[in-house]
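Enquirer: Numbering (our numbering), first residue to last: 100 to 413.
If you're looking for bench data, these hints aren't it; they were derived computationally from the structure. Treat the hints with care, since some could be wrong.
Unchecked claim - Derived DEER-like restraints, expressed as beta-carbon distance ranges:
hint : residue 1 : residue 2 : range
1    : S207      : T266      : 17 to 27 Å
2    : K149      : E239      : 40 to 50 Å
3    : S162      : Y139      : 18 to 28 Å
4    : D206      : K354      : 39 to 49 Å
5    : G157      : D177      : 15 to 25 Å
Please read these numbers as outputs of a predicted model, since none were measured by experiment. We put the CB at the ideal spot given by N, CA and C, even for glycine.
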Amino acid sequence: MLQSTTSLSPSASIIASWTHENWNPVLGCEIASPGCSHCYAMEIAGRLLKKNVQKYKGLVDLSKRHPVWTGIMRPDFDRLKRPYAWKKSRLVFVNSMTDLFHDPVPDSYLLKIWEVMAKTPWHHYWLLTKRPERMRHFIEKIAKVTLPNLWLGASVEHAQTLSRIETLRKVPAAIRFVTFEPLIASVGTPDLRQIDLIYVGGESGDRARPMRTEWIEAIFKACRRDGAGFCFHQWGTYGEDGIKRNRKENGNLFKGKTWNEVPPSAYDSVIEASQKWEKTKEEKKLRASVQKLTPKAQENDLFDTISPLHDLKK
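Between the sequences and the hints, there should be enough to build the whole structure, so can you do that?
Expert: Shown next as structure tokens:
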């Protein structure tokens, strides 16, 4: 049985509101489908490049009316190590500034990211992609491990991208989730079997495309039929009434209430694992051993296959 925000514990409500940290060991991306057209990360990268933040040089094209990804991707080695420094258990959204499974990111670097997540079991990670085919191949053929502290998700924006759910269903994962955000067209009543959690949200920004109530209703019915948790993030720039206004004014109510459902198995696993790793001697020893490493030693240990001076290449 699923639980809504009216009955969730504080810890479960935190999980439902996404994440404590964003972790971006890779920068840069490329448009994959229409849902990427107004990507917030692309806009952020453009603003940072205009402020002369050099790590974004070459990653976005500023010659157009709006920033556009160039397809060049770059590792950020300092950020790759960051989870080791977080002392308390956290929910971590992996790569809010890219799609980790885009082709230019080599398997060798993905393995380094998997290594960090495996060595920090006191954290729980959320990883979202529009490229679940490569995610499945990497986990089944390269990593060959299902991390209990890693939740895997696919992003779907319209009916033409529903096949991503079918692929996600085949990916070995502790928890599977789907984000219908930005929802820019009807997806009908999708098959959500073996999906633990879904998020729905409208698009924000000056170029936002409206989301219709009937599209959300169909997804909601699918959740009830297939047992997936339903979370409604926001209406976005266009409200339930179809009027364009500030997204905060449009709010996050659907059917007159907020929706932050999380399957008990999902939030229980996070809470139990976090409590366990906060108290065990194994965790303390692991943290102590990491802290004793010099920055150079950590770099030699974790990043021996990729030069930080070059962009990521296939």
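Enquirer: Indicate, hint by hint, whether the structure satisfies it.
Expert: Hint-by-hint comparison with the structure:
The given range of 17 to 27 Å is respected by S207 and T266, whose C-beta atoms sit roughly 23 Å from each other. The given range of 40 to 50 Å is respected by K149 and E239, whose C-beta atoms sit roughly 41 Å from each other. Separated by about 20 Å at the C-beta atoms, S162 and Y139 satisfy the suggested range of 18 to 28 Å. Here the CB-CB span from D206 to K354 is close to 44 Å, well matched to the stated 39 to 49 Å.
Judged by the Cβ atoms, the range 15 to 25 Å given for G157 and D177 holds: they are separated by roughly 19 Å.
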